[in-house]
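Which chain is which? The protein sequence lines are A and B, in order. Each residue of the first sequence is one higher than the one before, counting from 0 in numbering that gives the first Met the number 0. Each residue of the second sequence is one higher than the one before, counting from 0 in numbering that gives the first Met the number 0.
Check each hint, because a few of them may be wrong.
[Claimed, not checked] Taking lysine-lysine pairs in the DSS-like style, the calculated list, with each CA pair at most 27 Å apart, reads:
no., chain 1, residue 1, chain 2, residue 2
1, A, Lys15, A, Lys46
2, A, Lys46, B, Lys272
3, A, Lys46, B, Lys268
4, B, Lys311, B, Lys11
5, A, Lys46, A, Lys90
6, A, Lys90, A, Lys15
Since the hints were made in silico from the structure, they are not lab data.
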Amino acid sequence: MAPDAAKAVLEVQNLKKYYPLSAGLLRREVGYVKAVDDISFTIPPRKTLGLVGESGCGKTTAAHTIMRGREPTGGTVIFHDRQLGAVDLAKADKDTLFQVRRNMQMIFQDPQSSLNPRMTLLDIIGEPLIIYKIAKGAELVDRVALLLQHVGLRPEYMRRFPHAFSGGQRQRIGIARALALNPQFIIADEPTSALDVSIQAQTLNLLQDLQDEFSLSYLFIAHDLSVVEHISDFVAVMYVGKIVERADTERLYHRPKHPYTEALLSSIPRPDPAIQKRRVPIRGELPNPANPPTGCYFHPRCPYAEAICAEEEPPLEEIVPGHVAACHFADRLSLRGVNDF
Amino acid sequence: MHPNLLEITDLKTHFFTEGGVVPAVDGVSLQIRRGGALGLLGESGCGKSVTGFSILRLVRPPGEIVGGAIRYYGRDTINGEELTALDARSEELRQLRGAEIAMIFQEPMTSLDPLFSVGDQIMEAILYHQDVSKAEARKIALEMLDKARMPQPAQVINQYPHQLSGGMRQRVMIAMALSCEPQLLIADEPTTALDVTTEAQILELMRELQDELGMAILFITHDLGVIAEMAEEVAVMYLGKVVERSDIQSLFAEPQHPYTRALMQSIPKVGQKAPGRLEAIRGMVPSQRSIPSGCPFHPRCASFIADVCDVKTPRLREIKPGHSVSCFLYEDGGGINGA
Ligand SMILES: Nc1ncnc2c1ncn2[C@@H]1O[C@H](COP(=O)(O)OP(=O)(O)OP(=O)(O)O)[C@@H](O)[C@H]1O
Ligand SMILES: Nc1ncnc2c1ncn2[C@@H]1O[C@H](COP(=O)(O)OP(=O)(O)O)[C@@H](O)[C@H]1O
Ligand code: SF4
Ligand code: SF4
Ligand SMILES: [Mg+2]
Ligand SMILES: [Mg+2]
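Looking at chain A on its own, in the form it has when it is part of the complex:
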C-alpha cells in the first residue's frame, strides 16, 4: 500500500491478540495462543483490503480485535473518524468507542444466526438509528424503507421477520443494518460463504455499488480466493496469526513473493477443464497455533525451506513499495502466479 495514500481510514499497527492457555487442576497459565500476532496494514478511503488464509489463522479474531469486540493484547488501531478525527481504538474509552462505532460496522458470514428471529426488519435495521437517537417514528420508517431499497429489498417487507427470507436476502438485511448509520468503514467476515453461486454475484455487486455510492472502505475476509481477487484493491495473506505477505491484488496474484501465497494460489480449483494443473505440493496441515513450529511457521510445509528456516523467523520486509513478504528468500525465489500453474 502506498504510504502516501491520501489519508487512511484505518491504520492497524502491530496488533496482537493472545489467548491464555491453561492446564492442570489449578488452571495455571502455561502459555498463549497467539491468535493475532503483530499484524499491520492500512486501508485508504474507498478501498478494499482482502484478508485471506486457512481456517483458524486468525482472520475473525483480527476483525473483532480491530472493532474492540475483544481486548487487544498490544498494538494500535488508528481509525480516522469523520467526526472525531484520529482515534486509537485499542485505547479508546467506552464513550469514544460508542461514538466511533457509528462509523464502523460489521457484516457476518451466517446471516441466519446474526439476525434476531423475533425482530422485524424494521426493528433490526432501525435499531442502530434508535440507539444513536438519529430517527424515530415516521422518520425511522422512512429511513428503513430507503435502506431496504438500497440493498434491493422491497420496503413492504419491513414488518416481516427474518425467517421469511432466503439466505441471500438475509445477507442483504445484515448489509442494510450495517449501512443504517452511514458508516465510513465496514468489516465483512465471509459475507458470501454461505450463499449460492448466483446469489454470491448479486451480493458482491451490491457491496461494490454501495462502496461507490457511500465512499465506503472495506476489510473483506474470505476463503474464496477468486472472490477476494475480484473485490479487493489490496490483499493480505495470514498464516498462524501473522501476515506473511501483503500487496496490491494484481501483484499478489501474479507475482507472489511468499511460498505460502504460491501454495494457496496453486490450490484454487479452476473452472476450466482444459487447465492441466501442476500444483505446488503443499504438505501437511496448519500447525497448532498454541504450539507453532520454530523459525518460519511455514517451514514444515514449505517446498523451498532450508536450514535457516527452522531456526530464524523471517522478518516482514518490503520488496517494492507496497509489497511486503516474510520469507528469508523472498527476493531470490521466482514463484509462480495464479496463471502459471
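Since the structure of chain A is already known, use the hints to place chain B with the ligands on it.
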C-alpha cells in the same frame, strides 16, 4: 458386460410434508460408466443429495421414491438389479451399502461416531462386510488410512474424531468408504467445508484412488472449479430436474442451457480480474413448494420466450452427440425458429 455401472431412469423422489409435496427429485435420468466420474452440479436445494440418498435407498419418510428406476450392474453385470425394488431394510441392500456403493459427506463429523476411535469405526465397516479376523481388519484399516495419505496412521488409528482436523476426518471417511473396495463412491460435497489447500489435497487423493481402484464416482458439488477438476461427465440440476448433460469439456467450452451459461458467467474468474460488476442471475432459486409453471427457470431466464417457456415444459433432448439440453431454444417449433 453392461457398459454402465448404474442407470437412473426418470427418478422421482418426493417429500410429503405438512406444507405440501416437495418434488426434490423430479424425473432425473443419469448413467454412470464403470470406472467413470459423473459430476452432479447445482445450487443448494436442487436435489443433488436426495439423488445420492435415493441410490442407497437412504431416503426416510416423509420422503419416498415415487417413480422411476435405479439399475445397478455391479453384481449382476449383464442384467443388473433394480435397487428401487429392494426393501430398504433388507439384507441385500445392507450388503450393497458400503461393500458395493459407499458414500462420503460434506461434514465428516456428523457421520463419525464421537465415542469410538477411528480404528474401531473403520474396522466395524470391514468386519461387517468381509469375513476376516479382528487382527486382519485392523491391518486393512491401517492400510486404508495409509492409502488415504493419513499422516502417522498408526497413531491416528487410536484417536477419536474430535482430535482430528477437518481434512484428517475427511481422510478417515475416505479410508472407511474405500475399505471394502466399492465399485461406486458417492461423494456429496466432500470438500465444501475444507480450506482450499486441504481441498486440493483431498481432490488429488480421490483422483489417485479412483485410478488405482478403478471405482466409479458420483461427485456432487455446487462448485464449478471442483467439478471441472473431478468429473468426466456432468449433469446440471435445477429444481429437481437435470437441465443439461454433457462431457466436461463441451460443458465448459460450449454451455448451452441459459442457466448453465448464467452460472458460469456469474462467478469471478481467478487470474482474470476485470473491473466492474459480475453478471449476476436475477432473482433467486424459487422454493420447491412453488415451482414455476413451464420451464422452471423461466422467471430468471434472460432468453425467456413469452407464451412458450411459461406454458410448456421443455424436455431433455440431445442436441449433439453426448450433449443434452432441456430448453426451448433448442427445440424446433418452440424456440428461436418457432416462437
Ligand atoms: N476465545 C478464544 N479462546 C482461545 N482461543 C481462541 C479463541 N477464539 C479464537 N481462538 C483461536 O484463535 C485462532 C484464530 O481463530 P479465528 O476464529 O480468528 O480464525 P479464522 O481465521 O477467522 O478462521 P475461519 O476461517 O475458520 O473463520 C484459532 O486457533 C482459534 O482456535
Ligand atoms: N427430510 C426432508 N423433508 C422435506 N424436504 C426435504 C427433506 N430433505 C430434503 N428436502 C428438500 O428436497 C430438496 C432437495 O434437497 P437436497 O437434495 O438436499 O438439495 P442439494 O441439491 O442442496 O443437495 C430441497 O427443497 C429440500 O428442502
Ligand atoms: S522462510 Fe523458508 S520456510 Fe519460510 S516461506 Fe521462506 S523459504 Fe519457506
Ligand atoms: S426453456 Fe425458455 S425459460 Fe427455460 S431456459 Fe430455455 S429459454 Fe429460458
Ligand atoms: Mg472466521
Ligand atoms: Mg446437499
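### Message
For each hint given before, does the structure comply? Return the numbers of the non-compliant ones in rising order.
### Response
When the structure is compared with the hints, none of them turns out to be violated.
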